[in-house]
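Novice: Those protein sequences? They're chains G and H, same order as listed. Numbering-wise (this note's numbering), the first sequence opens with residue 232 and increments by one. Numbering-wise (this note's numbering), the second sequence opens with residue 1369 and increments by one.
Mixed in with the good hints, there may be bad ones.
Below 20 Å or equal to it, Euclidean Cα-Cα: the simulated EDC-like pairs (lysine to aspartate or glutamate) are [unchecked claim]:
#1 H:K1377 / H:D1422
#2 G:K292 / H:E1795
#3 H:K1406 / G:E293
#4 H:K1648 / H:E1795
#5 H:K1607 / H:D1777
#6 H:K1545 / H:D1531
Since the hints were made in silico from the structure, they are not lab data.
Okay, here's what each chain looks like letter by letter:
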Amino acid sequence: MFVGIDLGSRAIKVAAWQGGNLVDSKIRESGFEPHRQVQEMIEEYQPCSVLATGYGRHLVKEYFDYQVITEIKAHALGIHALLPEATTVVDIGGQDSKVISLNAQGQVVNFQMNDKCAAGTGRFLEIMAASLAYPLGEFGPAALDSDQEVQINSMCTVFAESEVISMKNRGVPRQHIARAVHASVADRIISMLNRVGYGETIAFSGGVANNPCIVEMVRRRLDTVRVIVPENPSIIGALGASIHAQSQGRATE
Amino acid sequence: MNAESFEIKAYPEMWKDLGMDVERFDKMRLMLGEIYRKTYLTQKNRPVKMAYFDDMVAEIHGGRIKEILAAKAEGRPVIGTFCVYIPEEVVLAAGGVCVGLCGGSQGSIPDAEKILPRNICPMVKSAFGFKAGRICPYFQAVDLVYGETTCDAKKKTWEILNDTVPTYVMEIPQMKKQSDRDMWLSEVKEFKAKVEEIAGKEVTVKELTKAVKVMNGKRRALQRLNTLRHSKPTPISGKDVLLVEQIAFYDEPVRFAAQVNELCDELEQRIAAGEAVPSKDAVRIMVAGVPMALPNWKLHNLVEGAGAVIVNEESCIGTRYYKDLMAEDASDMETILTDLTKRYMNIDCSCFTPNNERIDQVLKEFRESQADGIIHYSLQFCHTYNVEEIRIREACNREGIPYMFIESDYSPEDVGQIQTRVEAFLEQISG
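If we strip away everything but chain G, and leave its shape as in the complex, we get (with noise of 0.2 Å):
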């Protein structure tokens, strides 16, 4: 069996990797001390090897001397391993986003990332769905319900929220507000999309993926081109991590 962890910013994710399948997998939330949680998260597994990801990954490496790739190299990978025919991946974790662009044997020919902020991140969709009142799993349907044109026209969080707060302060429904939040992602990402470039398919990753309005908003900007989302996208750095895991200990046999 090989394990692969990827230590986001908002959550822990574990995969399990055994005769080339996904046998188990875990999320948990970050809290503090991370490597303590990793430890109890993987107790209960007999791993040949365990690889690390996400941006805590030099933390176990140092505690636990595991090995170690990028969530780029990792999103890639596990994508590439369940949906082999994307051609570019959009990665949207809780602090950053990114846009990957893949060979045909699943290898980062190009990568971009967000500016260092959180604007377009998981952060501000959580911020935002907090600032209207919405938990966070009702706020994507939320947004598809509305039929309303309204924009957001700040990027940055905390001035963005502030319209947020303007806008509910003139009366606008909360579900026009939560669509205008999430087109607000959603044109962030096509532009990210076009800086780097896209093939036939574009497959989302990471929490976000978890959002029916950001995909769908995606889909419907970008019309001749497939978006599809993995069953569980949230475990898809970690699952790249423990695939990894398997061809390193190939390797050193």
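Following the hints, put chain H in place on chain G, whose structure we already have.
Specialist: Just chain H now, with coordinates in the frame of chain G:
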């Protein structure tokens, strides 16, 4: 050099005489020493001859300042600079000293932001802040700051800086037509007159020819160093070469060239013995773009921390400073000054339009350095390099060169993100 005992030497009496904020500066000295120790002295397998450059860092705020003050006491002009366009030959010929001023650190930026707008180049803010906070001994020691018009932020900041230190501004043309060359020549002549005025003597053909030879010698030594590091595997870390290039801006040029040549002798032995830093199969990265003023080691530290090695700086701190030499055999003043103008006109700063020479130069250095990929590095709000990046990216795409663009400033806040991007870029190159 013993890593544990390394420190930047303190000269509180001298700093006080220079009118510095001694208490604050002493804290900065300790911090710089610590960063240097961690960044440089933990490297494995460094060339022995780097010891001289370690010493130059230890004495950056002491020994070298003493030498400069001694020169000043003899009536020799001391001129501070930020730009490779300063005709150093002219300053040397007048018996003067050129020093690169402080401008590479986050620490002085809050001082600058009390006065300057926040959304301008960090190098300009950092430099201005060092003077405003009285925390750079070089700034305190100079007779004159040489400013130029290579960007709007600098151009307008000189006006404000002139309130606290005499600032001479030389106009740099932005195109390379004949009229621009004529203008540049007349600017060089005016600058020469200004230096002569401070020195209290006229520059002779003999002295200028000697200065040309000194500067050529220094530039040749740096060219030699750069050629040697291009060997595969490379015998020296990118961080160490960057440091030597940074020290080039404040050391005495003849001594510096001799030390660089000694380092090169050692590197030749290392190459013959097949010694590699950091390892034979390390990914080789070429950096292109804006200068990295000391102690801006941010990008080099991240790239080499991830196991790769930097093998070239296409930058004002690197090749743009030393790739061009001057003829040494001219016999009259007009010819020397025309040669000099020609040499400086070859500098392919992004302030020029068009600047296609730079695209060719980047590709040439990529091939010569046997690099595996290019990272274009720009400082925030550096419009000319940030826009010219588009042309560099297009050229790299055309040539199939792995390429990444990083825009950053001096703050540590984006280190995590840049680290991920750098590591992913290295993974992309390794396949």
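Novice: May I ask which of the numbered hints given earlier this structure violates, with the numbers listed in increasing order?
Specialist: Hint 6 contradicted; others consistent.
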